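**Q** Residue numbering for the sequence shown follows this note's numbering, starting at 1 and increasing by one per position.
Accuracy of the hints is not assured; some may be wrong.
The list that follows gives simulated cross-link-like pairs (lysine to any residue, SDA-like), each with its CA atoms no further than 25 Å apart [claimed, not checked]:
1) Lys718 / Pro369
2) Lys99 / Ala133
3) Lys161 / Arg218
4) Lys164 / Gln79
5) Lys161 / Arg208
6) Lys161 / Arg113
7) Lys124 / Glu112
8) Lys492 / Pro369
Don't read these hints as lab results, they were simulated from the structure.
Quick caveat, the model's predicted, so the values are computed rather than measured.
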Amino acid sequence: MSTTRHSAVSALVQDSLTATRRLGRRLSAGQVFAAFAALSAVWIVGCDPKGADDDRNTIVDLVAFFNDAEIQLPTTEIQFGDPASRRLMVEGFHPNRRKLDGDRFASWTVAERAEVEFFVDVPKTLELTFRCAPVPRPNEDLPTVTLKVGERTIYEGPLDKGFKNYTAQIPAAALRRGENRITIEHPRVAPDARRPWVDTRVIWEWMRFSQSATAVPRAEAEDKTLLVSSGSRVDFFLDLPANARFDATRVVPRSHDGPFRVRWEPLEGPPIEQDLVRAERARVVLTGDQPASGRLSLSAPTADGGAGGGRGGIILVEPGIARVEGAASPPADSPVRTAAVPDLGEKPHLVVYLIDTLRADHLGAYGYPRNTSPHLDRFAAEEAVLFENSQAQTSWTRASVASMLTGLWSQLHGALDDPDMLADELVTLPERLQEAGYLTAGFVSNGNAADNFGFDQGFEHFEYLNQLNDGQRLARAHQLNDAVYAFLDAHKDDPRPLFLWIHTIDPHAPYMAPEPFHSQFSDRPRDLTDGSIQRLIALQTGKEPVPQEEIDHLIDLYDAEIAANDAAFGDLLEQLRARGLYDRTAIAVLSDHGEEFFEHGGLQHGRTLHSDQLDTPLIVRVPGMATGLRRPETAEHVDLAPTLLELAGAPPLETTQGHSLLPLMMEGEVEWWDNRSVAYLDLRGIQSAASLDRGGDHKTIVNYLDGEEAFPLVYDRKVDRLETTPLSGLEESLRGRYLASRLRLQISGARQLYDGGSADLPEETIEQLKALGYIQ
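Work the whole structure out from these sequences, hints included.
**A** Okay, here's the thing in structure tokens:
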């Protein structure tokens with residue numbers, strides 16, 4: 001293996017404090033937040049960690065954070081069936097593995113091009129041996145495989161039937177010190193890009209490189225030392241303040257004939273590299289007058305690549321990050337500011353209108369060319385503030401809605417998988433509002449967020465509408481409206497302010513919009529089997545390529561569902577006006593997740609954390625605040641509860657990762673806003689995590705196999721909002737590794753705090769979940 005990790009988190013420095021504050025916002029002193037033990041290790045600039053010398057201005061003790069580093073060792077073998085090798089399989093491999101016999105496993109390549117990564121201490125000619133077998137195709141010759149390192153071809157030829165060993169030579173001139181890539185090419189005549197897992201090419205068992213193993217670096221806390229073994233590299237992914245330097249009180253070679261190398265690679269700007277053969281003290285300035293994020297690498301390259309396997313290396317005494325002498329300390333961080341709540345004279349009514357399975361880019365207000373949402377578009381343009389970069393916390397209903405109601409990431413609230421309930425001890429948004437004097441009522445048409453799973457907590461009135469409709473047990477948006485209107489009429493004399501939670505199911509599959517909406521978007525006769533769950537499953541799992549016209553037809557049906565829901569939303573606004581409620585009502589329109597149409601190899605949702613799943617609409621109206629405003633800042637589902645509670649003048653949730661969006665609902669820039677977000681999925685064996693960076697421009701997705709991380713995928717959302725092409729070059733992978741390290745810290749530092757147990761479902765809920773495709 002070329003990369004090992006001693007723990008599941010990576011070290012972050014000063015700027016991580018913002019993320020930590022967001023994680024720990026409004027934690028009560030008495031709460032046991034042991035799950036954030038990893039985050040408690042994030043240091044505060046100016047507060048020296050235990051053992052640091054005050055006169056050195058130390059702000060980071062690298063020995064203390066060694067367990068959070070990534071360790072690079074010369075790659076001797078890649079076992080493709082070993083989950084631990086997933087971090088070396090850059091792209092083009094099936095997400096699962098295949099058992100061969102005994103303890104042997106393998107993985108498939110599933111595209112015309114695949115890549116693996118390997119680490120080299122000193123470039124020298126390497127012998128490569130690999131074992132693989134072709135996947136035969138009817139009427140096709142066995143594939144010809146080409147292996148390249150950089151632009152140099154190291155192997156080309158047809159594969160024989162069955163598993164065979166093949167050899168190649170990698171010349172020294174093709175290699176670079178550090179990470180290298182092998183590109184595997186095996187084109188086919190008719191690949192099925194819609195379902196890449198079907199398009200298998202070659203089964204790979206292992207690759208072996210003629211490199212010597214080297215000892216693993218280690219740290220000794222008592223001695224305050226870090227051993228960088230010969231041929232290895234220790235990587236720390238850091239957010240450094242201005243005027244920061246690497247500092248070690250002594251650098252001591254031990255049976256090592258090469259230099260000690262310090263390399264700082266910022267995400268923006270040129271790298272800094274310095275070699276030290278021997279020094280009583282090492283000081284390398286890393287940043288100037290501006291903070292920077294990137295990778296600090298400490299390595300002990302050998303002179304000729306021949307060393308390794310022993311216990312030689314470089315001993316660093318008290319290694320750390322310090323402030324340059326004479327540099328001013330960074331200013332103390334200011335608390336997050338909040339906007340002044342407009343004086344409405346009385347507490348506003350609050351309405352949350354949740355449209356299930358609605359992706360933002362299918363609304364006109366978000367740039368969609370089809371007229372799917374005239375009422376929502378007009379609402380956004382004339383009455384509300386639209387958040388252009390609203391992010392869901394996950395890609396399926398129960399975990400997503402739980403984050404909205406609790407302000408917690410899904411990995412904390414624990415309602416992650418099919419059986420999971422919302423824990424009774426969780427304090428929810430409606431419970432807080434009820435305590436603040438609100439009349440709380442919930443109307444839900446998705447069984448995944450119904451009372452059977454504990455989602456009625458805090459609602460004085462709760463209705464789960466589950467009725468026959470066009471042969472399916474689903475209640476449409478206009479039927480939910482009828483229940484809302486009946487409630488309003490029955491409580492018209494109640495003096496309390498209202499909190500209405502309205503969760504509509506359309507446009508969730510099955511797609512069966514009534515007329516006239518169907519004919520507005522589809523030129524085919526209305527056929528309820530076209531958008532049925534059964535047909536979607538058949539397309540998803542079928543062995544034949546899916547024609548584009550079939551995908552287009554499904555999109556037509558989906559858009560018709562959006563239009564039907566939009567009409568119901570328009571009617572709701574009119575009824576609120578007719579009842580004299582609208583003028584003092586704050587309304588938040590959002591979705592729990594999106595829907596995929598083979599953008600990433602599948603249909604529906606709950607399988608990935610790509611933009612078609614997480615980019616969801618958020619449109620918020622607050623009487624007396626800005627209207628027609630579009631905000632580019634990142635908003636998350638966990639921000640909903642803090643926003644509404646501030647509007648209501650209610651006490652905040654004691655534990656939340658969210659914060660109020662009210663500062664963004666006024667004209668002007670909000671420079672301090674942090675655009676990072678976190679999403680997490682752990683459903684039916686699929687485990688994945690994702691995050692946006694500080695600017696909201698780059699996104700990282702990390703998938704897991706048997707708990708082991710795959711190679712991080714990083715996307716430039718400025719030019720690739722649909723996240724179709726990851727940045728995969730060696731230079732670009734630095735950003736992916738940095739973002740993955742931050743994500744690892746956030747995910748590992750936020751373990752499940754609550755466990756609601758498993759639900760015991762009545763038959764009617766089971767039938768509706770079957771109708772929605774959640775139960776087969």
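**Q** For every hint, state whether the structure bears it out.
**A** Checked hints:
The straight-line distance between the Cα atoms of Lys718 and Pro369 is roughly 20 Å, inside the 25 Å bound, and the hint therefore holds. With a C-alpha separation of about 14 Å, the suggested pair Lys99 and Ala133 falls inside the 25 Å cut-off, and the hint holds. Using a Cα cut-off of 25 Å, the hinted pair Lys161 and Arg218 is violated, with the two alpha carbons roughly 45 Å apart. With a CA separation close to 15 Å, the supplied pair Lys164 and Gln79 stays within the 25 Å bound.
Straight-line distance between C-alpha atoms of Lys161 and Arg208 comes to about 21 Å, which keeps the hinted pair within the 25 Å bound. Using a Cα cut-off of 25 Å, the hinted pair Lys161 and Arg113 holds, with the two alpha carbons roughly 21 Å apart. Among the hinted pairs, Lys124 with Glu112 is inconsistent with the structure: their alpha-carbon atoms are about 29 Å apart, more than 25 Å. At most 25 Å may separate the alpha-carbon atoms for a hinted pair to count; Lys492 and Pro369 exceed this at roughly 40 Å.
Taken one by one, the earlier hints fail for this structure at numbers 3, 7, 8, listed in ascending order.
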